[in-house]
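**Student:** Whatever position you read off the sequence shown (first residue = 1), add 947 for my numbering.
Bear in mind the hints are in silico, worked out from the structure with no lab data behind them. It cannot be assumed that every hint is accurate.
[To be verified] The calculated SDA-like cross-link candidates involving lysine to any residue, where the alpha carbons are at most 20 Å apart (straight line), are:
1) Lys982 x Leu1016
2) Lys982 x Arg972
3) Lys982 x Gly1022
4) Lys982 x Val965
5) Lys982 x Glu1029
6) Lys982 x His1090
7) Lys982 x Cys1052
8) Lys982 x Gln1051
9) Lys982 x Gly1099
10) Lys982 x Leu1014
11) Lys982 x Arg964
12) Lys982 x Leu1101
13) Lys982 x Met948
14) Lys982 x Asp969
15) Lys982 x Gly1105
16) Lys982 x Val996
17) Lys982 x Tyr1054
18) Lys982 x Pro1075
19) Lys982 x Asn1108
[Claimed, not checked] Label pairs and their in silico Cβ distance ranges:
20) Ser1085 x Val999: 34 to 40 Å
21) Met948 x Thr978: 34 to 40 Å
22) Cys984 x Gly954: 38 to 44 Å
23) Gln1019 x Val1074: 17 to 23 Å
24) Tyr1107 x Arg1087: 35 to 41 Å
25) Leu1014 x Pro1039: 25 to 31 Å
What you are looking at is a predicted structure, and each value in this text was computed from that prediction instead of being measured. Built from N, CA and C at the ideal position, the CB exists for glycine as well.
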Amino acid sequence: MAITINGRAVAPPADPRVTLLDWAREHLHLTGSKKGCNQGACGACTMLVNPVSGNGAGGGERILSCLALAVQYDGRSITTVEGLAEAGDLHPLQRAFIEHDGFQCGYCTPGQLCSAIGMVAEIERGVPSHVTADLSASPRLTHDELRERMSGNLCRCGAYNGIVAAIAETYAEEAA
């Protein structure tokens, strides 16, 4: 089998102990996803699994790749931040991050982008969060939902307002 990463089928690593993050960065030279805490606490390594479209625009499940063994994803599709742009055009969320200064040092930006795209897919699937008021209704991307769902992605520079504004402009109906 193979792991499809950013639309390209690649044989899984021979060593079953290597994380998805280390495999992508060190063996596939996809260095966008960052190793921040290496403990699943910062979100800098977030990638998307089984996105609907090849460029990740169709969401997918967000995972912390520093905690995932690459061999676990044999036969599945992964999108990293490098796979978000399509035919040289930035993903709309990437453009919004630029317009709203949703980054300063940029270290957390790849994880923030992938996490936000995965978060929107969660909402579309009806997955509630801790702040979802009505569990019998489909959640909406309100300001509180957005901040709660993105709380696992840390930014040391404090660019949260720009990040929230970029996500809200791109996806939310009431998040602003």
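**Student:** For every hint, state whether the structure bears it out.
**Tutor:** We went through each hint and held it up to the structure:
no.: 1; hint: Lys982 x Leu1016; result: holds, 14 Å
no.: 2; hint: Lys982 x Arg972; result: holds, 9 Å
no.: 3; hint: Lys982 x Gly1022; result: violated, 24 Å
no.: 4; hint: Lys982 x Val965; result: holds, 14 Å
no.: 5; hint: Lys982 x Glu1029; result: holds, 15 Å
no.: 6; hint: Lys982 x His1090; result: violated, 28 Å
no.: 7; hint: Lys982 x Cys1052; result: holds, 15 Å
no.: 8; hint: Lys982 x Gln1051; result: holds, 17 Å
no.: 9; hint: Lys982 x Gly1099; result: holds, 15 Å
no.: 10; hint: Lys982 x Leu1014; result: holds, 11 Å
no.: 11; hint: Lys982 x Arg964; result: holds, 17 Å
no.: 12; hint: Lys982 x Leu1101; result: holds, 12 Å
no.: 13; hint: Lys982 x Met948; result: violated, 27 Å
no.: 14; hint: Lys982 x Asp969; result: holds, 8 Å
no.: 15; hint: Lys982 x Gly1105; result: holds, 19 Å
no.: 16; hint: Lys982 x Val996; result: holds, 18 Å
no.: 17; hint: Lys982 x Tyr1054; result: holds, 9 Å
no.: 18; hint: Lys982 x Pro1075; result: violated, 28 Å
no.: 19; hint: Lys982 x Asn1108; result: violated, 23 Å
no.: 20; hint: Ser1085 x Val999: 34 to 40 Å; result: violated, 18 Å
no.: 21; hint: Met948 x Thr978: 34 to 40 Å; result: violated, 25 Å
no.: 22; hint: Cys984 x Gly954: 38 to 44 Å; result: violated, 29 Å
no.: 23; hint: Gln1019 x Val1074: 17 to 23 Å; result: holds, 21 Å
no.: 24; hint: Tyr1107 x Arg1087: 35 to 41 Å; result: violated, 20 Å
no.: 25; hint: Leu1014 x Pro1039: 25 to 31 Å; result: holds, 29 Å
Comparing the model with each numbered hint stated earlier shows that hints 3, 6, 13, 18, 19, 20, 21, 22, 24 do not hold.
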